[in-house]
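2 protein chains.
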Amino acid sequence: MGEEEEVKLLGTWYSPVVLRAKIALRLKSVDYDYVEEDLFGSKSELLLKSNPVYKKVPVLIHNSKPVCESLNIVEYIDETWNSSGPAILPSHPHDRALARFWSAFVDDKWFPALMAAVVTKSEDAKAKGMEEVEEGLLQLEDAFNALSKGKSFFGGETIGLMDICLGSFLVFLKAREKLKKEKILTELKTPTLYRWANRFLSDEMVKIVVPEIDKVAKFIGEFEDSAQSVASKS
Amino acid sequence: MGEEEEVKLLGTWYSPVVLRAKIALRLKSVDYDYVEEDLFGSKSELLLKSNPVYKKVPVLIHNSKPVCESLNIVEYIDETWNSSGPAILPSHPHDRALARFWSAFVDDKWFPALMAAVVTKSEDAKAKGMEEVEEGLLQLEDAFNALSKGKSFFGGETIGLMDICLGSFLVFLKAREKLKKEKILTELKTPTLYRWANRFLSDEMVKIVVPEIDKVAKFIGEFEDSAQSVASKS
Numbered sequence: 001m002g003e004e005e006e007v008k009l010l011g012t013w014y015s016p017v018v019l020r021a022k023i024a025l026r027l028k029s030v031d032y033d034y035v036e037e038d039l040f041g042s043k044s045e046l047l048l049k050s051n052p053v054y055k056k057v058p059v060l061i062h063n064s065k066p067v068c069e070s071l072n073i074v075e076y077i078d079e080t081w082n083s084s085g086p087a088i089l090p091s092h093p094h095d096r097a098l099a100r101f102w103s104a105f106v107d108d109k110w111f112p113a114l115m116a117a118v119v120t121k122s123e124d125a126k127a128k129g130m131e132e133v134e135e136g137l138l139q140l141e142d143a144f145n146a147l148s149k150g151k152s153f154f155g156g157e158t159i160g161l162m163d164i165c166l167g168s169f170l171v172f173l174k175a176r177e178k179l180k181k182e183k184i185l186t187e188l189k190t191p192t193l194y195r196w197a198n199r200f201l202s203d204e205m206v207k208i209v210v211p212e213i214d215k216v217a218k219f220i221g222e223f224e225d226s227a228q229s230v231a232s233k234s
Numbered sequence: 001m002g003e004e005e006e007v008k009l010l011g012t013w014y015s016p017v018v019l020r021a022k023i024a025l026r027l028k029s030v031d032y033d034y035v036e037e038d039l040f041g042s043k044s045e046l047l048l049k050s051n052p053v054y055k056k057v058p059v060l061i062h063n064s065k066p067v068c069e070s071l072n073i074v075e076y077i078d079e080t081w082n083s084s085g086p087a088i089l090p091s092h093p094h095d096r097a098l099a100r101f102w103s104a105f106v107d108d109k110w111f112p113a114l115m116a117a118v119v120t121k122s123e124d125a126k127a128k129g130m131e132e133v134e135e136g137l138l139q140l141e142d143a144f145n146a147l148s149k150g151k152s153f154f155g156g157e158t159i160g161l162m163d164i165c166l167g168s169f170l171v172f173l174k175a176r177e178k179l180k181k182e183k184i185l186t187e188l189k190t191p192t193l194y195r196w197a198n199r200f201l202s203d204e205m206v207k208i209v210v211p212e213i214d215k216v217a218k219f220i221g222e223f224e225d226s227a228q229s230v231a232s233k234s
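Chains E and G supply the protein sequences, listed in that same order. When the letters of the first sequence are read in order and numbered with full-length UniProt numbering, they come out as residues 1 to 234. When the letters of the second sequence are read in order and numbered with full-length UniProt numbering, they come out as residues 1 to 234.
Keep in mind that the hints were calculated from the coordinates and are not lab data. You may find that some hints are simply not true.
If chains are identical, the list can't say which one is meant, so a pair holds when it fits in one copy or spans any two.
Here are the simulated lysine-lysine pairs, DSS-like style, with alpha carbons at most 30 Å apart [stated by the list, open to error]: (1) Lys183 <-> Lys8; (2) Lys149 <-> Lys178; (3) Lys180 <-> Lys149; (4) Lys149 <-> Lys56; (5) Lys43 <-> Lys151; (6) Lys189 <-> Lys49; (7) Lys109 <-> Lys126; (8) Lys180 <-> Lys28; (9) Lys121 <-> Lys151; (10) Lys56 <-> Lys109.
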């Protein structure tokens with residue numbers, strides 16, 4: 001990376017999708033300025049200008065040019081600093097297509113199902129939602145076997161796109177386990193994925209940037225309390 | 001492409017997202033077998049086996065390996081037949097990130113807004129929805145100016161990812177114009193995008209694979225009639 005490079009990341013400390021950008025930057029040993037956004041207060045002018053369509057974090061700003069959407073940012077980082085650190089996308093087009101397919105599955109199907117099951121007040125809807133989440137985990141366990149080819153990560157020997165994508169949500173799962181004593185990812189049902197999760201969270205590159213589980217659990221707890229208090233007043 | 005290559009596309013003739021795969025294969029001069037699926041009847045064993053997660057078209061099967069999801073397929077085609085025809089993704093990482101960002105915008109935000117506005121029975125919801133669709137078109141007009149850099153297509157001199165992504169929906173827009181006499185993309189509001197649309201649909205590579213507007217209009221009309229008749233019976 002040349003002297004003149006300017007890299008800035010707009011994020012919030014607790015966001016799983018911001019964590020994706022942080023992990024990718026760490027894997028590629030990219031130095032950057034981090035700007036914490038206050039999404040509950042007022043968003044910065046820089047954020048509004050850099051991501052006028054969604055006004056969301058993360059935004060990566062590289063030499064004044066913004067890149068939005070977390071998986072898009074991870075691919076951008078991989079392509080831009082392609083000679084530094086391990087490749088985040090596999091080299092073969094079919095493996096790349098699989099990594100992109102399963103990452104989209106996590107973002108478009110599995111995590112939305114989890115969020116819907118978590119927030120619903122109906123016990124029936126929650127039970128049905130959690131069934132879908134569990135079915136998704138079984139599909140992801142199969143995907144792990146197909147992508148990892150017997151190695152440690154979805155990306156093979158090293159952390160790849162799909163590890164970053166699914167791995168970024170592990171903090172949320174662990175925080176909910178602490179808070180609600182409900183286990184979502186279990187050794188019994190998806191043993192391979194369970195072991196992968198521990199391996200991912202113990203990785204040196206990940207440990208450096210992952211927020212503390214206790215702090216995230218406290219944050220989620222307070223957020224849910226305030227949401228409930230708003231709901232009961234309305 | 002070697003003699004031993006086997007390329008198969010599972011699709012339906014009227015599907016805009018299947019059209020994406022067809023355009024990409026044409027741009028790269030790839031010979032393939034096309035299999036028409038009957039989504040209203042029973043899906044083929046091959047489709048269910050190749051796309052067990054979504055059971056949807058398009059699916060590209062290359063040497064027995066399936067690739068699912070239309071934009072994923074287009075990227076796969078670009079990467080696999082990278083020395084044949086024009087590059088579908090731009091070469092610079094930032095331009096690639098922009099093409100991916102706006103393609104995701106079309107699929108996740110703009111087209112769903114259009115579909116919601118089209119199917120709703122409430123006049124209020126329709127008016128509000130069409131406002132969102134028009135605002136999206138203004139954003140896409142800006143995106144065209146940023147991506148095309150004064151050239152003919154989002155992809156510059158040649159058709160790229162974003163041309164294929166948004167262009168695939170033009171048949172649907174034209175068919176609705178015929179059917180309902182409502183214009184969605186107009187010269188008055190988004191002149192640059194309007195001219196791009198005509199240029200895209202007149203392109204030789206596109207014309208070869210695009211379904212007939214009249215046939216699509218008839219299909220949509222019949223589909224809506226049968227949906228209404230089902231709704232009135234229930």
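Exercise for the section: May I ask which of the numbered hints given earlier this structure violates, with the numbers listed in increasing order? Expected result: Structure breaks hints 1, 2, 3, 5, 8 and 9.
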